[in-house]
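Chemist: Protein chains in written order, with the working numbering: chain A, 1 to 173; chain B, 174 to 346; chain C, 347 to 587.
Please note: incorrect hints may appear among the correct ones.
Derived DSS-like pairs (lysine-lysine); straight-line CA-CA distance at most 25 Å [as the list claims (entries may be wrong)]:
1) A:Lys-117 - C:Lys-502
2) A:Lys-117 - B:Lys-301
3) B:Lys-290 - B:Lys-301
So the derived list for chain A, only partly shown, Cβ under 8 Å to chain B, looks like this [said to hold, decoys possible]:
4) Val-17
5) Arg-21
6) Ile-28
7) Met-31
8) Leu-56
9) Tyr-73
Hint data in this document are derived by calculation from the structure and do not stem from the laboratory.
Here the structure is a predicted model, which means the values were calculated and not measured.
Each residue gets a CB set at the ideal place from its N, CA and C atoms; glycine is no exception.
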Amino acid sequence: MLMREEIKAAVEAILFVRAGRVGLDEIIEIMDVPLFDVIDIMREMVAEYQEANKGLLIKEVDEGYVMCTNPDYSDYLVKMTEPHKQKLTPAAMETLAIIAYSQPITRAEIEKVRGVKSERIIANLLEKNLIAEAGVKAVIGRPILYETTEEFLKVFGLTSLKDLPPLEEGLDV
Amino acid sequence: MLMREEIKAAVEAILFVRAGRVGLDEIIEIMDVPLFDVIDIMREMVAEYQEANKGLLIKEVDEGYVMCTNPDYSDYLVKMTEPHKQKLTPAAMETLAIIAYSQPITRAEIEKVRGVKSERIIANLLEKNLIAEAGVKAVIGRPILYETTEEFLKVFGLTSLKDLPPLEEGLDV
Amino acid sequence: MEYVVDLDSFHGPLDLLLYLIDENQIDIYDIPIAQITDQYMEYLNLTGDFDLEKLGDFLIMASYLLTLKSQMMLPGKQEEEDEESDHMDPRDELVQRLLDYKKFKMAAEKLERFKNGEGKRAFYREMPTKISLPQELTASADSLKILILDLWEKNKQKQNFFQVPKDDIDVGEQMEVILKLLRKRRDGILFQELFHNIINKKELSALFLALLELMRLQKVKAEQENDFGIIKLYPGRGRKC
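Whenever a hint applies, use it, and build me the whole structure from the sequences.
Modeler: If you want it as structure tokens, here you go:
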């Protein structure tokens, strides 16, 4: 027979992994403990979590339990779930720069400037919705053309492509 | 100024919500506490979790922390979850094992051990996010180095690379 | 041998060798090279339809085994072994490779068990959905300008040099590229079309070699109606790929 503390620890682990409601029936089945014991143990556990005033709480819901965060700390969680700032890789930035200034442009043309295969990076930029397909080029093979998107403008804080820093002044540098 | 116990509780909530690694830098930013204090508090917290022998553990990974279940209770969790959502072929497993134990490692080094071309398998592992590029090796050709990811730890239920089962010499053929 | 040989079930030549050693209950430190080589060759001969590229790896091992076999048969080896010198057994390297490989193969099996929840493992939280964390990209437009100017500058300097491809280009891989293209375009493609995306000579020659190999295997058919006319490529009737 399992010890009381062991059952609590196992239930804790189960509630954590599930990230949602775990039914009383599930706990009984997984732990193989009588219903009455489980109810008693869970009641105790809910109270312990409450009293400890820690970051996590266990709540009884609908013949089951969920683990959730203590509302007292919601301020920090709001800060955390704010959009996670993500940077583009240098290779992605480089590819994006080529597309932005030379659009519409084919993969072969991009690769010619970069000197390396760029298939995966282009796929990645497409997935991030920073570039989009813009028809095909009227040459043999009819390769796909790429252009930047609205999302690209948003990310780079531009109102239109005309806002891209002009290249002329840079040439003197 | 926040109390020590409050910081711990907040970090607990943050680790729970993230369901993955939370960087030391993020904790400092969210909590607005000096680095030195955070390191000290986290060290204490990791130890407390360990000693309490509860269902959950906090582990230090790569300048950050992650919350996971105590491996002592894995029997119950196996009953509840399907841990093997990621299907891997034996050849992919073999390649992954070589990378896991010898990281960072280049493709040529992997192929030398396996005796077969492994390009496609590596691309596949990259796509599954089980391995990642880890810079280049400072030798002629500057080949790409590969290492395992946090996702790798999650899929295999390891709390850190130190949990990898020790390599045994294959004497008993 | 009465069994059906399925080379595909071995992850590579080392795997096959380990199997043979195990099957024959051979001491890995004293491999009868002649016997193992013969069995290994027999396996290769008996194997049915098999991926060309993979077969290459097995053939490399075969030639290595044959070299070892001939070295072992050289006269005078026997006496030398009695001397307690730093004489190297020609098999040493093979033994080391087999041991290294076996070590990782066993580790892989252990990891697989971890994954399946045998033994103690930690679990992480299930994410309700993959997109639960909003991610916002940050970047500055000025960096785009700096990057493009850098690239142009680099390309200007590079123009007089040959382009060196970063990776080795693989003929087998190019064969697949061609077959994939032809599967999509069953009514055939122009010869020139195949090469329009090529950015360097090495890639060009690999692609061309791949095409020749496919034609040899009759997996691709090339037709030219008149001298110097256009060449069209069609999927061939060769063995399935």
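Chemist: Evaluate each hint against the coordinates.
Modeler: Comparing the hints with the structure gives:
1. Proposed proximity of A:Lys-117 and C:Lys-502 is supported: the alpha carbons are some 19 Å apart, at most 25 Å.
2. With a C-alpha separation of about 21 Å, the suggested pairing of A:Lys-117 with B:Lys-301 holds against the 25 Å cut-off.
3. Distance check on the hinted pair: B:Lys-290 and B:Lys-301 sit about 19 Å apart at the alpha-carbon level, within 25 Å; holds.
4. Checking A:Val-17 against chain B by beta carbon gives a least distance of about 6 Å; that is within 8 Å, so the hint holds.
5. Taken as an interface hint, A:Arg-21 does not check out: its beta carbon lies about 13 Å from the nearest beta carbon of chain B, beyond 8 Å.
6. Proximity of A:Ile-28 to chain B is violated relative to the hint, the smallest CB-CB distance being about 12 Å (cut-off 8 Å).
7. At its closest, the beta carbon of A:Met-31 sits 7 Å from a beta carbon of chain B; the interface hint therefore holds under the 8 Å criterion.
8. Proximity of A:Leu-56 to chain B holds as hinted, the smallest CB-CB distance being about 6 Å (cut-off 8 Å).
9. Annotation: A:Tyr-73 was flagged as interfacial toward chain B, and the flag holds, the nearest CB pair being 5 Å apart, inside 8 Å.
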